[in-house]
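Asker: For reference, the chains in residue letters:
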Amino acid sequence: MMSLGTEDGVAILLTLKLAGLVTVLLLIVGTPLAWWLAHTRSAWKGPVGAVVALPLVLPPTVLGFYMLLAMGPAGPVGRMTQALGFGLLPFTFTGLVIASLLYSLPFVVQPLQAAFASLGNAPLEAAATLRAGPVDRFFTVVLPLTRPGFLTATVLGFTHTVGEFGVVLMMGGNIPGQTRVISVQIYDHVEAMEYARAHGLAAAMVIFSFLVLALLYRRQRPALL
Amino acid sequence: MERDGYTGHRAFWFRFAMTLAVFLTVLVAHGDEVNVAVAANFAAPMKRIVADFERDTGHKVQLSSGATGKFYAQIRNGAPFDVLLAADEETPAHLAQEGAAITGSRFTYAIGRLVLWSPRSDFVDVDGKVLQRGNFDHIAIANPRLAPYGMAAVEVLRSLGYYDALVPRIVEGENIAQAYQFVASGNAPLGFVALSQVMKDGRIREGSAWIVPETLHRPIRQDAILLGHGINNVAARTLLAYLRDNKARSVMQSFGYAW
Chain A
1 MMSLGTEDGV
11 AILLTLKLAG
21 LVTVLLLIVG
31 TPLAWWLAHT
41 RSAWKGPVGA
51 VVALPLVLPP
61 TVLGFYMLLA
71 MGPAGPVGRM
81 TQALGFGLLP
91 FTFTGLVIAS
101 LLYSLPFVVQ
111 PLQAAFASLG
121 NAPLEAAATL
131 RAGPVDRFFT
141 VVLPLTRPGF
151 LTATVLGFTH
161 TVGEFGVVLM
171 MGGNIPGQTR
181 VISVQIYDHV
191 EAMEYARAHG
201 LAAAMVIFSF
211 LVLALLYRRQ
221 RPALL
Chain B
1 MERDGYTGHR
11 AFWFRFAMTL
21 AVFLTVLVAH
31 GDEVNVAVAA
41 NFAAPMKRIV
51 ADFERDTGHK
61 VQLSSGATGK
71 FYAQIRNGAP
81 FDVLLAADEE
91 TPAHLAQEGA
101 AITGSRFTYA
111 IGRLVLWSPR
121 SDFVDVDGKV
131 LQRGNFDHIA
141 IANPRLAPYG
151 MAAVEVLRSL
161 GYYDALVPRI
171 VEGENIAQAY
181 QFVASGNAPL
191 GFVALSQVMK
201 DGRIREGSAW
211 IVPETLHRPI
221 RQDAILLGHG
231 INNVAARTLL
241 AYLRDNKARS
251 VMQSFGYAW
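Residue numbers (this note's numbering), protein chains in the order written: chain A, 1 to 225; chain B, 1 to 259.
Don't read these hints as lab results, they were simulated from the structure.
For every residue, glycine included, the Cβ atom is placed at its ideal position computed from N, Cα and C.
Please note that a few of the clues may not be correct.
[Claimed, not checked] Ranges between beta-carbon positions, derived for each pair: (1) A:Ala204 with B:Asp164: 42 to 52 Å; (2) B:Ser121 with A:Thr61: 50 to 60 Å; (3) A:Ala83 with B:Leu216: 31 to 41 Å.
[As the list claims (entries may be wrong)] Partial pick of chain B residues on the chain A-facing surface, computed with a CB cut under 10 Å: (4) Gly69; (5) Leu166; (6) Pro189.
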């Protein structure tokens with residue numbers, strides 16, 4: 001039987017912690033951003049939408065490499081974090097969270113944007129005539145009507161962060177309990193020619209991803225993909 | 001007219017086929033092509049050696065550089081490499097045992113040197129006392145599970161007795177190229193890298209370095225081997241012989257390798 005060692009256990013817990021935190025943060029940041037993208041007529045819509053979508057098309061190694069340079073002591077982000085007394089972000093869990101936020105952003109923003117756009121203005125205008133305030137309108141009208149979009153965004157944001165590899169490899173430094181996530185651990189097992197251990201983790205990951213996606217797609221037509 | 005058009009076509013296709021045949025013959029006769037998998041630490045000297053080799057022999061070399069463990073998996077699964085220049089002795093030995101490489105062809109083409117390096121001048125002293133001072137947040141090494149240079153770095157820290165104190169500050173690159181990247185980008189102020197990565201024309205290119213005495217770790221013997229895919233490839237055998245030639249060895253020496 002495929003057994004999972006304690007090292008693998010640490011990697012799994014770390015990955016779940018990372019993906020959970022990133023998903024929550026992305027829903028908080030991504031919802032207003034998706035709303036703005038769905039409704040704005042600003043000239044910035046194109047550029048902002050493109051920046052959000054960049055992680056979809058860029059190789060993770062490109063993202064990871066630039067993040068490593070940007071967050072390094074000579075990079076703009078690195079200078080800022082050092083000036084603020086946070087030190088440098090590469091090789092830290094916080095650094096991974098920030099990198100993952102960028103990396104998984106389109107997977108949360110795009111389904112939400114599609115859901116908000118297809119909602120249209122009519123329900124909101126109706127609610128406004130009934131004197132519902134903006135906050136009230138969002139929670140009692142928008143949220144219930146766009147629930148499938150939120151579900152897709154949450155699942156894709158989470159699973160995509162779980163599957164993140166290239167960025168972590170480029171700026172993680174492979175520190176147990178800090179930056180050594182499941183995908184990196186699998187890679188190490190493969191490279192070290194310990195195929196049995198790699199199989200244990202890899203098979204678990206395939207099954208997990210399949211089950212989550214199967215559940216999601218059984219409930220609804222996906223808003224993305 | 002009809003008939004002329006037909007023969008005209010035939011003449012065209014005949015000429016076309018002949019030209020193609022001549023062209024292909026020229027290509028093939030020009031020399032054999034050899035696909036080489038080379039360990040990341042040896043990529044830079046190998047490019048120089050290959051340039052000489054192609055000029056001297058007329059053969060053509062396709063280089064792929066990467067981690068030795070990855071090449072092992074790829075070769076086991078049918079990757080079309082003719083020659084492996086590994087970062088260790090074990091991988092070529094394994095491949096020979098498993099029948100994926102030619103046993104008698106294995107030899108040590110280079111012995112690597114480890115160096116503690118920082119891009120900052122004055123940061124690493126020539127005796128490596130910086131390890132004792134410990135005035136750094138991170139120290140980069142290659143993953144000791146995967147890379148011989150990483151294993152050697154751990155052995156050095158153990159022999160000096162600093163390993164336990166420094167463990168929390170160690171960051172690991174997937175291979176020696178990535179360990180170098182961590183240091184070169186300044187994210188880790190110093191790290192153990194291959195001498196070949198920071199040496200050019202017999203001197204340390206920039207920054208400060210401690211060339212680690214070979215008594216502090218087991219020698220990093222890097223073996224080459226002819227793979228099953230290259231068994232009938234003349235260029236592959238010629239290249240392996242070329243690696244023992246003085247011309248190749250003087251390039252290796254300028255990058256800090258012995259043999």
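Asker: May I ask which of the numbered hints given earlier this structure violates, with the numbers listed in increasing order?
Answerer: Violated hints (numbers, rising): 1, 2 and 5; every other hint is consistent with the structure.
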